[in-house]
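All chains, please: the whole structure from these sequences, using the hints.
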Amino acid sequence: MFHPTPDRLVYWANVEFTYEPGSKHYGEFEGGYVYCFVQATDARDALEQFQIEFAGRKLGMRFVEFVSLYADIPWQTEDDQDHYDSIAALAAASEEVVFDSFEVYERR
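FYI, the numbering for the sequence shown is 1 to 108, going by my numbering.
Read the hints as simulated data drawn from the structure, not as lab findings.
Owing to the predicted nature of the structure, the values given are computational and were not obtained by experimental measurement.
Errors might be hidden in some of the hints.
Computed list of lysine to any residue pairs in SDA-like fashion (alpha-carbon distance at most 25 Å, straight line) [said to hold, decoys possible]:
#1 Lys58 to Arg44
#2 Lys58 to Asp80
#3 Lys24 to Glu95
#4 Lys58 to Glu16
#5 Lys58 to Glu106
#6 Lys24 to Trp75
#7 Lys58 to Leu47
#8 Lys58 to Val97
#9 Lys58 to Glu20
#10 Lys24 to Asp82
#11 Lys58 to Tyr105
#12 Lys58 to Gln81
#13 Lys24 to Glu78
#14 Lys24 to Glu103
#15 Lys24 to Arg8
#16 Lys58 to Asp82
Here it is, written out as structure tokens:
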């Protein structure tokens, strides 16, 4: 399990997003959802970093399900545990927002 150090706290969020005009997939897909991870001082700082990153990618944040510290999060399978812990480790070693795979839904 991923154990953060006090100087490398990683926060994660589940965000539902929309494609905004100017984004790569605007008009092709409606939106989707994604887990995102970032090194931050607290949840408010993490949310601000997510907002900046989404805006830079021309993605609207439709709904943020949660923003919380990623520490000792138990996953149902070992594969999931390894997968998400590795993303958290990347975020801990970076100053960037790190995304899991984007799940998208099509326009109606």
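Quiz item: Going straight from one Cα to the other, do Lys24 and Glu103 come out at no more than 25 Å?
Solution: Holds, at roughly 15 Å.
Self-check item: Hint consistency between Lys58 and Glu16 [alpha-carbon to alpha-carbon, up to 25 Å]
Solution: Between Lys58 and Glu16 the Cα gap is close to 14 Å, so the pair holds against 25 Å.
Quiz item: Straight-line Cα separation of Lys58 and Arg44 no greater than 25 Å?
Solution: holds, 21 Å
Exercise. With a cut-off of 25 Å on the C-alpha distance, tell me whether Lys58 and Asp80 pass.
Key: Violated, because 29 Å separates the two Cα atoms, which is more than 25 Å.
Exercise. Quickly compare the C-alpha distance for Lys58 and Tyr105 to 25 Å and report which way the hint goes.
Key: holds, 17 Å
Quiz item: Is the hinted pair Lys58 and Glu106 satisfied, with a Cα-Cα distance of at most 25 Å?
Solution: It holds: about 17 Å lies between the C-alpha atoms, which stays within 25 Å.
Quiz item: Taken at face value, is the distance from the CA of Trp75 to the CA of Lys24 at most 25 Å?
Solution: This hinted pair is violated, its Cα atoms lying about 32 Å apart.
Quiz prompt | Satisfaction of hint between Asp82 and Lys24, Cα-Cα up to 25 Å | solution = violated, 30 Å
Quiz item: Does the alpha-carbon distance linking Lys24 and Glu95 stay inside the 25 Å limit?
Solution: This hinted pair holds, its Cα atoms lying about 24 Å apart.
Quiz item: Taking 25 Å as the top limit, are the C-alpha atoms of Lys58 and Gln81 close enough?
Solution: This hinted pair is violated, its Cα atoms lying about 30 Å apart.
Practice problem: For the pair supplied as a hint, Lys58 and Val97, confirm whether the alpha-carbon distance does not exceed 25 Å. | Solution: Holds, at roughly 15 Å.
Quiz prompt | Satisfaction of hint between Asp82 and Lys58, Cα-Cα up to 25 Å | solution = violated, 30 Å
Of the numbered hints stated above, those contradicted by the structure are hints 2, 6, 10, 12, 13, 15 and 16, listed in ascending order.
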